[in-house]
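**Q** The lines below spell out each chain.
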Amino acid sequence: MPIISIKDVSKLYGFGDATTVALDEVSIDVEAGEFVAVMGPSGSGKSTLMNIIGLLDRPTHGEYMLSNRYVSKLRSNQRAKMRRDKIGFVFQSFNLLPKLTVLDNVALPLMYRGVSTVKRLQRAEDVLDRVGLKDRQYFMPKALSGGQVQRAAIARALVGDPQIIIADEPTGNLDSASSLIVMELLSELHRTGNTIIMVTHNPEITRYADRVVYMHDGCIVHDQRTPVGEVPALAKKAMYVYPRKTEEDDLAGVSAMMDFRPEKPSTKKRKAKAQAKRRKAAKAKRSADA
Amino acid sequence: MHSGNFKVAYKTIRESRWQSSLTMFGIVVGIVSVVTIVSLGQGIKKQIIGEIKSVGSDLITVRAGKGVKRDTNGNIQKINPDFVYGFGSGTLNDRDVAIVEGSAGVKDATPIRLLNGSVIADGREYADGFVLGTNPSLPNLLQQKIEYGSYFSTGETARQVAVIGKTVAEQLFQENVPLGQVITIRGQDYIVRGVFEKFTSNPLGQGIDLNQAIFVPAPSLKEIAGTAAPVIRVLARPQNPNNAGNLASQISNSIKESHGGQDDTTVLLQSENLQVTSSVLDKLTGFIAAIAAISLVVGGIGIMNIMLVSVSERTREIGVRKAVGATNRQIRNQFMAEAIVLSVLGGVIGIFASFVVNFLIKVTTDLSPVITWPVVVIAAVVSISVGIIFGTIPAIKAARKDPIDALRVGN
Ligand SMILES: Nc1ncnc2c1ncn2[C@@H]1O[C@H](COP(=O)(O)OP(=O)(O)OP(=O)(O)O)[C@@H](O)[C@H]1O
Ligand SMILES: [Mg+2]
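Chains A and B, in that order, are what the protein sequence lines are.
The opening position of the first sequence corresponds to residue 0 in numbering that gives the first Met the number 0, with each subsequent residue numbered one higher.
The opening position of the second sequence corresponds to residue 0 in numbering that gives the first Met the number 0, with each subsequent residue numbered one higher.
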């Protein structure tokens with residue numbers, strides 16, 4: 000029985016002509032204990048999928064079953080409680096609350112479960128020990144390095160013993176040395192039986208996963224199991240696809256992707272349309288960033 | 000809501016001290032103004048009541064006009080505020096005076112004639128005072144002692160002699176014992192034969208300072224001024240103090256009868272004067288306090304404003320908290336707790352500051368404000384309510400934030 004079972008899930012933003020298809024009838028099952036890496040170009044819907052799996056968001060259509068419970072129709076309160084009890088999040092940035100100590104940050108999920116102060120600080124200290132940050136527990140987040148922040152975020156994700164850890168580009172802001180430490184930590188968690196779903200742009204990092212999922216324009220275009228320790232060929236190839244800096248690169252990347260990805264014939268037309276829209280959005284985003 | 004919320008809230012507030020102090024300032028000012036105004040009112044009331052009592056509660060005052068409404072038992076139901084301050088309007092006639100003086104059971108009685116306008120002494124004009132024409136029994140009726148000289152006696156009522164208040168002595172003659180000096184009233188010379196001790200109360204009405212009065216025999220004043228010096232009060236004291244109530248209604252009835260059944264005069268006991276005065280003062284204090292209470296509302300809006308800013312500044316924080324499992328209610332409670340802590344802190348500081356202001360007023364002025372506990376408690380309750388009421392909207396706004404939007408901000 001898969002711990003996550005997603006069937007034909009779509010997520011639409013906006014309406015009318017301005018509709019963005021962030022997820023397009025995605026189906027995926029994840030078994031307990033898997034370490035899934037999710038790759039795909041910017042805007043392909045990776046974060047959207049993570050948010051839906053992590054119960055931060057609701058699918059527009061489709062069914063989502065999380066540990067044998069239909070959750071796609073849950074109200075925000077029930078989602079919050081399931082999220083609290085079953086999910087641990089690690090984001091790319093702004094993980095820790097800047098005004099709380101590392102220890103208080105890590106203990107935060109337990110506070111919302113109503114665990115007593117003494118117990119939750121005890122437990123937070125234990126997980127901080129596990130991620131090697133015990134001596135930093137009373138620091139404020141701004142006194143930590145990027146890698147340490149991510150490790151603290153992982154500790155916070157772990158503190159409530161979640162069934163699933165969702166990491167959206169956890170190494171996105173880290174140098175390679177820090178990335179290595181963070182990934183070794185996640186890998187260690189995987190070995191001890193945790194289920195991890197991680198978004199990454201870095202193909203090297205897929206070596207820690209035992210399954211790699213490729214997304215494109217809101218669809219899962221490829222899904223493969225790989226032995227831990229190996230970087231799959233497809234991911235390596237994708238290395239030349241990202242990161243894209245200019246519109247030309249963007250186009251080249253997309254066409255490269257289109258060359259090798261197994262095509263779903265029926266959706267070809269719609270994809271092309273969505274692609275055009277996405278490019279426009281990406282361009283707008285870049286100019287907004289600049 | 001559990002105590003953890005308040006701890007977290009307290010921490011958050013401490014960390015943004017500047018912002019929080021500004022927020023609390025509104026509440027502090029509100030409480031200080033309400034408490035100070037009410038306690039000033041209480042202090043003045045206490046002082047005035049003390050003064051009115053000092054004259055003796057059996058003093059009967061008769062004046063023109065209908066100042067109070069009584070129920071069937073003769074208890075005062077409604078009061079005309081004109082009756083508290085100043086001389087008031089309307090005059091009594093000689094028959095009224097005769098009725099009071101002739102009533103059985105009256106020990107002493109005097110009309111009070113009032114002549115406004117300046118007097119001259121030593122070629123200097125004195126415009127701040129006023130001339131009162133009375134009978135020799137006035138010092139007795141007001142229980143006021145003469146400091147120098149003596150009041151005029153029954154045999155001197157037609158003579159042009161004057162007894163003056165202390166302020167008149169100081170301002171007109173620049174000396175304490177101006178006995179034998181001459182004051183010219185309406186072209187007539189009056190010889191000063193006495194100076195009153197300082198009046199500490201205003202038995203004729205609030206705002207009437209008898210220290211600025213020149214007292215002359217009523218018949219003589221009538222003679223030189225005529226209708227320019229009308230009778231504005233008749234004062235009387237009963238032989239038996241316990242009989243004051245009966246005597247007052249007896250006088251009232253007789254005057255009514257003589258006025259052909261018209262109920263156009265008011266007879267007040269000093270104890271009723273007390274009631275009249277304090278009710279008007281209470282109303283006044285309440286009114287000013289209500290105006291001051293507006294600043295509490297302004298303080299509340301300040302809290303709301305800061306909380307709203309804080310909610311939008313802390314969008315990311317709300318996103319993270321929701322991502323780790325905070326429910327809408329938990330987020331709402333967190334922000335509510337902040338608003339409550341802010342307003343309670345503001346309340347505590349406000350109460351403390353009120354006592355400080357109270358002390359400063361006592362030291363630097365001759366007012367003596369009285370802080371009463373109900374006022375303090377009410378101010379505290381109001382400040383907390385204000386926090387809750389105005390903290391609610393931002394808290395609900397925070398709770399409703401979509402975690403995804405919250406996490407995306409500035410990403
Ligand atoms: N709130 C929203 N309103 C409108 N469009 C949205 C919204 N959120 C996401 N989208 C769109 O949905 C698509 C998928 O976005 P998503 O964030 O999932 O991409 P991603 O794969 O995580 O990209 P990246 O690698 O840059 O993080 C994008 O086209 C994005 O513009
Ligand atoms: Mg993303």
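No wet-lab data here; the hints were simulated from the structure.
Just so you know, even glycine gets a beta-carbon here, dropped at the ideal spot from N, CA and C.
Please note that the accuracy of each hint is not assured.
[Stated by the list, open to error] If you want the footprint, here are the derived chain B segments under chain A, 3+ residues with CB under 8 Å: (1) 52-64; (2) 121-129.
[To be verified] Only part of the chain B face toward chain A is listed, based on derived beta-carbon distances under 8 Å: (3) 11; (4) 14; (5) 315; (6) 316.
**Q** Hints first: check each against the structure and report whether it holds.
**A** Right, here's what the structure says about each hint:
no., hint, verdict
1, 52-64, "violated (count 0)"
2, 121-129, "violated (count 0)"
3, 11, "7 Å, holds"
4, 14, "5 Å, holds"
5, 315, "5 Å, holds"
6, 316, "5 Å, holds"
The structure fails hints 1, 2 (numbered hints given earlier, in ascending order).
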